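A.B. asks: Sequence:
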Amino acid sequence: MSNPRFIWYRLPSVWLGLFIFTLHLVFGVTALDVSAQQQSDLGSRNIELVGHVTLEGLTTATSETNPVQLSPEPSPGQLVIEQDAGRPFVYLTRPNYPSGVVGFDVSDPTRPKIVFESAWPGSVDGMSATDITYFKRDDRFYVVVGAQHPGKESKSDLGAVVFDVTDLSNGGEAQEVARIHVGGGLHHLFAYRHSSGNSLLFATGGGNILVYEIASVLSSNASPVAEISIPEDVPNIDYGFHSVFAAYHPETESDRLYTGAAGGYFVYGVTDLTDIKLLASINSAAVQIGHTIAPTPDGSLVVTTAGYRTAPVRVFDLRPALDETIPRVRTAIGAWAADWRNFAENLVLRWPFVFVASTEDGFQAFNLANPSEPYTVGYYHTSDAPSTDLPGTSAEPSGAWDIDVRNSDGLIVVSDVSSGFWIFRMEGFEGWDGRGWGLPNISGVQDWDEGPQHSISWPDIAE
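Numbering-wise (my numbering), the sequence shown opens with residue 1133 and increments by one.
Simulated from the structure, these hints should not be mistaken for laboratory data. Incorrect hints may have been included.
[Claimed, not checked] Computed Cβ-Cβ distance ranges for the label pairs, DEER-style: (1) 1516 x 1269: 38 to 48 Å; (2) 1357 x 1174: 42 to 52 Å; (3) 1484 x 1383: 13 to 23 Å; (4) 1369 x 1282: 12 to 22 Å.
A quick note: this is a predicted structure, and the numbers were derived from the prediction, not measured. C-beta atoms are modelled at their ideal positions from N, C-alpha and C, and glycine is treated no differently.
Based on the provided sequences and hints, a complete structural model is requested.
C.D. replies: Laid out in structure tokens, this is it:
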């Protein structure tokens, strides 16, 4: 159906003026004012709400054919959307009891259906589902769900659960196929197709980064092939790494690992896992523990969040540190915030856009084309929860928690702690390929079949 706001431009100007004037006399407001007011209540005009599923209540997260019994507490956490054609699935963790994972079929994004739900067995000592990632191996698809006990030590050594989700595409079921056992659990996961041809899983639970070969993970005999520790201790902070992001760097034909950790952010060379090198450090006085980090496709800039409420999204230029002009980066070159009072929890970067799950401010998008002056290009308030108290209180943040983007068509998915699972489109954003912007085709999305070396050239098209 055509967009009704374009009808105004098809009317002759005289009749348009008379029509708006009449509305003003009768209703005391112009038609354009009404449209702007309605849109401002929830989101900007260029953001289209496509689908929404509430996940609160015992049985509200249901489809017509597959009711699922869930916790009475709303608790959507991290999420990931599959990128391969013919696999229209989104997976969402549920941190609250019974903790686990929910899978959605979004082949019709206006009517998302629950097709998979799994809760941790009752014997797993109160473990909470944390992060989630997926990978492809030997034409089969797998989801990895992290597990960690919230707030205290656990007797369980469960770190992650691996599900084979291949058969969801033909109406089959997902099956648990492996577990990763590690003391303390795992908080953040990142599956990566290495330039060597191996597929790796980078994981951290707040200590060292653990690197697993995915082949060993599937054999249920997973032990790290490498381990990375904080390069230097941070006074009064008993913490290690919070997050990881691996990406190929075409200019140097190398693999890099971008991390958020105690002391800030660190970039490592991980091309040779037997000789991991620290390439750059970001140590800002404003950041005690780095939270989220995402590099631009060429690896020159990183976009970051920090673990405190009033922290803006900061943009750092890595180049002076990478070329050893300076020993470490201290100052951001740009910053953005939807509201200085609220967390920016998670983000994904599709140059020049950055899509943000910004807690009480909901889904936000900003433009990074000029890194020193990023500006908002769209938003949608996924929760009507008011801003929680400022620093110094014990209030927990609510609202939008995680976000992901499907590169093939630009579909945007968001999880909200308060209101559930959301699906959006942004006007003019119909998919992403870095080569269309004159950049490598590098993002969090992996090419599981060909590997990252093909990211700088377009594939050959048979005549």
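A.B. asks: What hint numbers does the structure not satisfy?
C.D. replies: none
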